[in-house]
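Colleague: Residue numbers (the numbering used here), protein chains in the order written: chain A, 1 to 368; chain B, 1001 to 1091.
Hints in this document: simulated from the structure, not taken from any laboratory. Any given hint could be a false lead.
[Claimed, not checked] Chain B regions said to be covered by chain A (calculated; three or more residues, Cβ under 8 Å):
(1) 1043 to 1050
(2) 1053 to 1060
(3) 1066 to 1078
(4) 1083 to 1091
[Claimed, not checked] Here are the simulated lysine to any residue pairs, SDA-like style, with alpha carbons at most 25 Å apart:
(5) K220/A <-> L1035/B
(6) K130/A <-> A106/A
(7) K220/A <-> Q1022/B
(8) K1070/B <-> G1048/B
(9) K220/A <-> L1005/B
(10) K245/A <-> P1068/B
(11) K245/A <-> Q1022/B
(12) K236/A <-> Q1061/B
(13) K289/A <-> N271/A
(14) K211/A <-> E1030/B
(15) K130/A <-> E1044/B
(16) K349/A <-> L1005/B
(17) K301/A <-> L1035/B
[As the list claims (entries may be wrong)] Quick list of simulated restraints, FRET-style, between CB atoms:
(18) I1062/B <-> R218/A: 39 to 47 Å
(19) Q1061/B <-> E171/A: 37 to 45 Å
(20) P1068/B <-> P40/A: 55 to 63 Å
If you're wondering where the values come from, they're calculated on a predicted model, not measured in any experiment. Glycine included, every Cβ here is placed at the ideal spot set by N, Cα and C.
These are the residues of each chain, in order.
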Amino acid sequence: MSTAISNPLALIAELTHRCPLHCVYCSNPLELKNRATELPTEIWARVFQEAAQLGVLQADLTGGEPLARTDIIELIRASRTAGLYVNLITSGMPLDEARLAKLIDAGLDHLQLSFQGAREETANEISGTKAHAQKLRVLDWLKQVRVAVTLNFVIHRGNIDQIEGMLALAESSSATRVEFANVQYYGWAFANRERLLPTRAQLNRSIETLKSAQERLRGKIRVEYVVPDYYAKYPKPCMGGWGRKLMLITPSGDALPCHAAQIIPGMKFENVKDRRLHEIWETSASFQKFRGQAWMQEPCKTCDRREQDFGGCRCQALLLTGDAAATDPVCSLAPTREKVDAILAAANKPVDAAILARPDWLYRSNPA
Amino acid sequence: MTPDLQSHPRLAVGCRLSENNQQRVLLMPERALRLNGPSLEIVERCDGKHTVQQIISELQQIYSKAEPKKVESDILDYLARLHDQRAIDFA
C-alpha cells in the first residue's frame, strides 16, 4: 500500500474557546482553554504562512467565537496575505456593520453564519442565550456587502422539523450556500445525545425536504446536508481520513488531526509554538497514529471500503467501544454495531412529551 | 439550465482564481477546483467581459483539432456545472 503523504487542504484555526453562546452540541472539547493560553497574533500569522507553504488552500477561522478575538482583523489579513482562502465561522454576535466592513476589507472571502433554528424560541433555548434577533440583523447587513455567505444549521431532534423555515430564511438572504449538518456525538453533544438524536421518521422527512430543495434551488443556493451517522449503513470518512486532508489548531496551539482527538488516551500532540507545521504533518507520532491502514483491525483491514471511509471515526470508536482503533461502531459490518442499534431503539421509542418539553440540557460552559 | 450564448459569465462573489504549488485552483466556499487545460481556459475567460459565444469561439481556435460542436457542448455543460456550484453568475 502506498504511504505517500498528501498535503492538507484546509487548516481549521480554533482561535479561541470563548463564546457568547452555550450551544448544547458544541464541538469544542469539554475541557476548554482559557484566554491566557491563547496563541498571540504573530504565531497565528506564522502558522498561516507555513500552512500555505504546505499546500493548504483554505483557512477556517473558528472557535469558540472567532470575533471574540480583538485581533480578528489582523488575523484575517494575515491568512489572506499568506495566500489562503479565508472562511470565518461565526455566531454573528460581537458584530456591527462597521466591524463587518473591516473584516471584508481585510480580505475575508466567506462568512458562515450559524443559526440554532428557524424559530427564535428554539434557537435561544439551544444556544442558552438570546442570539437569534442579532443573527437576523447580521443577515440584513450581509445583503449590503460583497462577501460569500453560507448559513449553517446544526440539526437535531428539537429543530429538524423546522427545515422549511430554515430554507425560507436562506432564500430571503444573500447566501449562495446553506449547510444542514446533523449533530455529531462527541463532547457536549455526547452528553446531550438522548435529547438531540432525531427519530428515523423525522430524519426521513428531512431528507425528502432537503432533496427537493436541492432541485428547486439549483443555480441559486447550494444546499448541502450531512445525515447523522448513527443512522448510516457505513461510517463517514471522518476528516477525510486521519492526517489526510485537514489539520486543526487549538486556541493554545496544539495541532490535532480532528476536533475530538484529545480524548484518545495516551496521545501526545505537538504544539505550533515548538514545531513547524510541515514537520508536525509529516513526522509527528499523532498524525501518523491512524494514518494509512497499518493500524486497522478486522473487518476494516480487509474491507473493500477501507480507502473510502478509512475505518470511520476514531473518537466515535473510542466513545462507544472503549477502543480508538476499533471499527467505527456505526458501520453495519462492525462487531459492535449493536451498541448503536440500542441507542437508536431508545431514540425511536415513544417518549414522555413532558420530558421533551423541558429537557435537562447540559449547556456548554465558558472558559475564563 | 443551458447558458445564454450572449450572456457574460463571471466568477460569483467569494470565488477567485489562485495558485498553489504551480497548480491553478478556483477557490470558493468550502471547495477548491484544480484547473488544467480547457477548464482553466474557460474559467480565465469568466471575467464578465467575454460572452459565452466568445469563449466558445476562442476555445474552438485553441483546440482546433477537436470537433467544434463537441467543444461547444462541453463548454456549455461545464459552465452549467459551475453555475450549479455557485462558482459563476451570468450577467
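Colleague: Could you run down the list of hints and mark each one as holding or not?
Modeller: Each hint tested on the structure:
1. For the stretch 1043 to 1050 of chain B, the stated coverage by chain A is not satisfied: 0 residues place a CB nearer than 8 Å to a CB of that chain, which falls below the threshold of 3.
2. Requiring three or more residues with a Cβ within less than 8 Å of a Cβ of chain A, the coverage given for the stretch 1053 to 1060 of chain B is violated, as only 0 such residues are present.
3. Only when three residues or more bring their CB closer than 8 Å to a CB of chain A does the claim for the stretch 1066 to 1078 of chain B stand; here the count is 0, and the claim is violated.
4. Only when three residues or more bring their CB closer than 8 Å to a CB of chain A does the claim for the stretch 1083 to 1091 of chain B stand; here the count is 4, and the claim holds.
5. Between K220/A and L1035/B the alpha-carbon distance is near 23 Å, which keeps this suggested pair within the 25 Å criterion.
6. Proximity of K130/A to A106/A is assessed by CA-CA distance (about 29 Å); at most 25 Å being required, the pair is judged violated.
7. Taken as a hint, the K220/A and Q1022/B pair is broken in the structure, with Cα atoms around 32 Å apart against an allowance of 25 Å.
8. Distance hint between K1070/B and G1048/B is fulfilled; the C-alpha atoms sit about 24 Å from each other, no more than 25 Å.
9. Restraint check: the Cα-Cα separation between K220/A and L1005/B comes to about 20 Å, which is no more than 25 Å; the hinted pair holds.
10. Between the alpha carbons of K245/A and P1068/B the distance comes to roughly 39 Å, so the proposed pair goes past 25 Å and is violated.
11. Restraint check: the Cα-Cα separation between K245/A and Q1022/B comes to about 19 Å, which is no more than 25 Å; the hinted pair holds.
12. For a cut-off of 25 Å, the pair hint linking K236/A to Q1061/B is broken: about 45 Å separates their Cα positions.
13. Restraint check for K289/A and N271/A: satisfied, since their Cα atoms lie roughly 16 Å apart, inside the 25 Å limit.
14. A distance of roughly 20 Å separates the Cα atoms of K211/A and E1030/B; the hinted pair therefore holds under the 25 Å criterion.
15. Simply put, K130/A and E1044/B have alpha-carbon atoms about 45 Å apart, too far for the 25 Å limit, and the pair is violated.
16. For the hint linking K349/A to L1005/B, the alpha-carbon distance of about 57 Å lies beyond 25 Å, and the restraint is violated.
17. For a cut-off of 25 Å, the pair hint linking K301/A to L1035/B is broken: about 35 Å separates their Cα positions.
18. Distance hint check: the CB atoms of I1062/B and R218/A are about 30 Å apart, inconsistent with the given range 39 to 47 Å.
19. Taking the beta carbon of each, Q1061/B and E171/A are about 41 Å apart, inside 37 to 45 Å as hinted.
20. A C-beta distance of roughly 59 Å is found between P1068/B and P40/A, which places it inside the suggested range of 55 to 63 Å.
In the structure shown, a violation is registered for the earlier hints numbered 1, 2, 3, 6, 7, 10, 12, 15, 16, 17, 18, in ascending order.
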